[in-house]
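Chemist: Protein sequences, first through last, are from chains H and A. Residue 956 is where the first sequence starts when you use the working numbering, and the numbers rise one by one after that. Residue 52 is where the second sequence starts when you use the working numbering, and the numbers rise one by one after that.
In case anyone wonders, no lab produced these hints; they're calculated from the structure. Note that CB positions come from ideal geometry on N, CA and C, so glycine has one too. Please note: incorrect hints may appear among the correct ones.
[Claimed, not checked] One side only, chain H facing chain A, incomplete, derived with CB under 8 Å:
1. 968
2. 974
3. 976
4. 980
5. 985
6. 990
7. 992
8. 1001
9. 1089
10. 1092
11. 1093
12. 1096
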Amino acid sequence: MGNKKRRKKAQLPFRINILFFVVFLMFSVLVLQLGVVQILNGEAFQEEIDRTIQDTTKIPVPRGKIYDSNHRVVVDNKPLYSITYTPAKGTQAEEKLDVAEKLATFISMDSEDDLAGITDRNKQEYVYLKTKEDAEERVTPEEKKELSNSEFYQLVLERIPEEDLKGISKEEYEVIAIKKELDKAYSLTPQIVKNEDVTAEEYAKVAEHLDELPGVNATTDWDRDYPYGYTFKNLLGSITSQEQGIPADSEAYYMTRGYSRNDRVGKSGLEEYYEESLRGRKEQIQYTTTKSGRVIDTKTIVEGQRGKDLVLTVDLEFQEEVDKIVREELKAARSKHPHANRYLKDAIAVVMNPKTGDILAMSGQTYDEKNDEYNNSEYKAMQDAHRPGSIVKGATVLAGYESGVITPGQVFNDRTINIAGTPSKSSYSNLGPVNDYEALRRSSNVYMFYIALKMGGENRYPFPNESKAAFDTAAWQQMRNYFQQFGLGVKTGIDYPFESTGYSGKSARDPGLLMDFAIGQYDTFTTLQMAQYVSTIANDGYRVSPHFLKEIREPGVSDEKLGSISKSVNTKVLNRIQMDQDLIARVQEGFRQAFQEQRGTGTSHFGDKDYNPAGKTGTAEDEVYENGVKTDVENLSLVGYAPFDDPEVAFAVIAPKTGIVKNQYSINKEIGSRILDTYFDLKEERVEKEIEENEEEN
Amino acid sequence: MSKKQSFYIQNDLIMLFILFVSVSLLAVYNAQQLEQYEDNFVLKQIVWFTVGICIVAALQYFDLDQMYKASVYVYVFGVLLLAFLLVSPASLAEPVNGAKSWFTLPGFSLQPAEFTKMSTVLYIAAIISRHKDKFVVSTIKSDLLLLIKILAITALPVALIMGQPDFGTAMVYLFVCGMLVILSGISWKIIGSLIVGISAFGGVVLGFIVRFPDLAKEMVGSSNAYQIDRIMTWFNPDQQTADATFNFDRAHMALGSGQLFGKGMGSLQVATPEAQTDFIFSVIGESFGFIGSALVIFLYFMLLYKLVTLGLNMFKHSPFGSYLCFGFMSILLIHVFQNVGMNLGIMPITGIPLLLISYGGSSVLSTMIGLGLIYRVAVEHSIQNDYLFK
């Protein structure tokens, strides 16, 4: 027994020692493994943690605005507000409901569409969240034991009584509608909760309470707004919508320039041409996230800046007036001779500053037969080319001087010329002997014919009746070269995505055709080219490129004030014509006489004006083919400038395809004179206003 | 020990306790910096510890004899509490992750299984001690009787806990039970055959689970299927679902990235779910590195050592006090090894807190109750020593 007792007493310490040794071993294992995890593998774990992902988010900025020459807004940005929701990872349904309830107090979401989209399931979920405990008690614990979490949830929803769903108030419906939108959002991805008809007030309320609305953001998008309606809108162009994004055919071009696919870009007109300035600089924010999606750093890499503003050379008030004039005159011409002028559908006018190239107005009106209405078609000034008629005679005379075939003061007897194998060629009547001034004043065709003949190498004068004319086809190139110095037949260099250069006829071995060319009856030119041509003459031979843009402004600090000038468009002289100043002066004088002196072709409309105008009328033979039937028509054109001694405004007008009829309505001269009248009236008005304002200030 | 000093001041225990509280508060504070949860855990933890200290103090009013006598009532109360939990409605005991382990009362939650650990150990200690009084000479027969008693006492709460179901906590009970069986002096023959039997059975079950996880899931039912997942994670972490390994991966990464010296206070980089409770050790690892973590492990080792020596020294005065120490030591040991091992990836993932450090009212309070009992044992041990050397 004693032995047993001893054994027993020794038992406990022995076992405890063994046990404690085991404990020691267990703890050693822990420390060993701790060493493996922390010291051996620690670095690898740290690297894993430091592995981050960097995402750059580009935030679009508003596009630049466009102003007219008097700093009136022509294209504005209309803000479109939108409320977005970006849930954090693991956002619970209760939190979303909380956000929805708060949001419902700030925004309304009760449109028919919103409410119609609410399903029973949405309502059940809402009632469940509101009465969670009661709802869950409808499923007994025994039932619950058998169910997975999602099955349980499903059953809880199903057991929500109908009365509860019916008892949902109108306000609660709104909450449900909002929550429905919130539920669509994926974590960390913005979802638009409302972007249609968000009022400025709703936007402001949400923006003020952002701190109470986790994940909610109030952002603005924008739309282009045109305070002047359709005036000049064709030329301003348009931009793509967010859905259209960048044009698919030039995707690579835009992508390399930092655009996103859904960026809105200018797709036509000045919006397209000045895209680079108008687009602005997107704000770029770089998010650094860890592997677990935790954002550890937010850095603005590029400060955003809204697009720069354009200030145009165009005076919108004047533009409106010119549009009105052109439309009224087109109407008047059409109603005076409805049948004869049935093909007269367009009237086009370009008004520019001949010295600087500033486009002051560009107007086109087109009659839409189908709808019996007149539409703006300013772009036709750059796109549609027509035979200009006698307005080109200034260039012909200068070509004559320069090529040496005529000398200043040269006289030709204006009589019908008959060349063998060609229709006889004459002025509108035989004018008798005319010198260069008279040739321009009275618009002698024959004078021009002799220049053309001589340039072709036919030096007989007077030209023997019905004989064959010598003709060197090199004269075509020579003549066109001279014309091109005035911009006729080449690009004017306007700041616009597209301009036509007109159509050049065949350089045929036929002196008759060159003679047609010399009076503007062969090649076709755009109205803008005609305006550049007359400006070149007015500007003492300097051809400047016309432009719509006056300056680019930095974004203004406030809406009312324009920003500082970023870039000003300087007058760009493309070339100076070869002819000496005294020769140019003769043409200028001829133009003056055509508008101001007795028997001048434009004197009827310009003779009594006090702004000292000069210019040249034109009537070109043209034809219309309809159902294979040819109808002869005329293009009535006019170029001019004023004041004669210090030109500040030049214009070109064309009304193509007027009927050949007695007492034809002088649409070209009506438009031209009214444009100049309006220009100087407006100028005077403004000066008076300025004086008044100055007086008031004093 | 100086005579002037009261028996009620146990320097070593107090010292260790202060160290643990400091580590706990630092770690919980650090975990809170991750801002995953809105609660102020540090403040609450301080409250729990304060309440715990009061409990420890209160327990000193009872001597070991009174505790011995009360043990059966405490045990029965604990079992009843567990039974009541099972039949409680969801409003009183809301299931969390499919397990009904908590009384959810307004303001706080209570996990009875945490408390019944202590009550069960208390009662087993009493039973062993009474048995030893009765059978001074142990025979196979008496040993078997003791074994059956211990197993029966353990089986009751374990069955109720399995019913919640809470596999992890039940395993803790079984471990503690096994430890006490070994230390109760039951013959090695019995223990040996028991171990062989259990390991054979366990081996077959584990083998079955690993080979046929889907079948095993079917057998335990859908609500228990996650237990199978956890065991699978243990054996083959790569093949488990993201859900099952996510928490572990984060904790493991956090722990490892602490490296030798740690990242210091307030510079945690990895947001681990449940960082303040089950994965608090990963926070310690990330904050204080290998050195800090190893020190914490050493701290536990010191506490265990203290419990073992106290239990050993107490044996001749009061086997009851001695077994209390061993029981509490077993509880502490399994929690520490399982929890730290889980963080280190050498033990399966179970919801077992790191006692004395993890945040949580139930675990802190129940541990403090255990500490209170041990403290009383230490006090009585000092008193006995005093007699001896007088």
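Chemist: Holds or violated: is the Cβ of residue 976/H closer than 8 Å to a Cβ in chain A?
Modeler: The hint is violated - residue 976/H has no Cβ within 8 Å of chain A, the shortest such distance being about 11 Å.
Chemist: Identify whether the interface hint at residue 990/H stands, where standing means a beta carbon of chain A within less than 8 Å of its own.
Modeler: holds (6 Å)
Chemist: For the hint on residue 1001/H, just tell me whether its beta-carbon gets within less than 8 Å of chain A.
Modeler: Since the shortest Cβ distance to chain A is 4 Å, the answer is holds.
Chemist: Can residue 968/H be said to touch chain A, with a Cβ gap under 8 Å?
Modeler: holds (6 Å)
Chemist: Tell me if residue 1096/H is really an interface residue toward chain A, meaning its C-beta lies closer than 8 Å to one of theirs.
Modeler: Constraint on residue 1096/H satisfied, holds at 6 Å.
Chemist: At a threshold of 8 Å, is the proposed contact between residue 1089/H and chain A supported by beta-carbon distances?
Modeler: violated (10 Å)
Chemist: Have a go at the residue 974/H hint: is there a Cβ in chain A nearer than 8 Å to its own Cβ?
Modeler: Status holds, d = 7 Å.
Chemist: Residue 980/H was flagged as interface toward chain A. Is the shortest Cβ-Cβ separation under 8 Å?
Modeler: violated (11 Å)
Chemist: Would you settle whether the hint for residue 1092/H is holds or violated, based on the nearest Cβ-Cβ distance to chain A being less than 8 Å?
Modeler: holds (7 Å)
Chemist: Are residue 992/H and chain A close enough, Cβ to Cβ, to be under 8 Å, as the hint says?
Modeler: holds (5 Å)
Chemist: Given a cut of 8 Å on the nearest C-beta pair, is the interface hint for residue 1093/H held or broken against chain A?
Modeler: violated (11 Å)
Chemist: So, as I understand it, the hint says residue 985/H touches chain A; can you test that by seeing if any CB pair is closer than 8 Å?
Modeler: holds (5 Å)
Going down the numbered hints, you'll see the structure goes against 3, 4, 9, 11, while the others check out.
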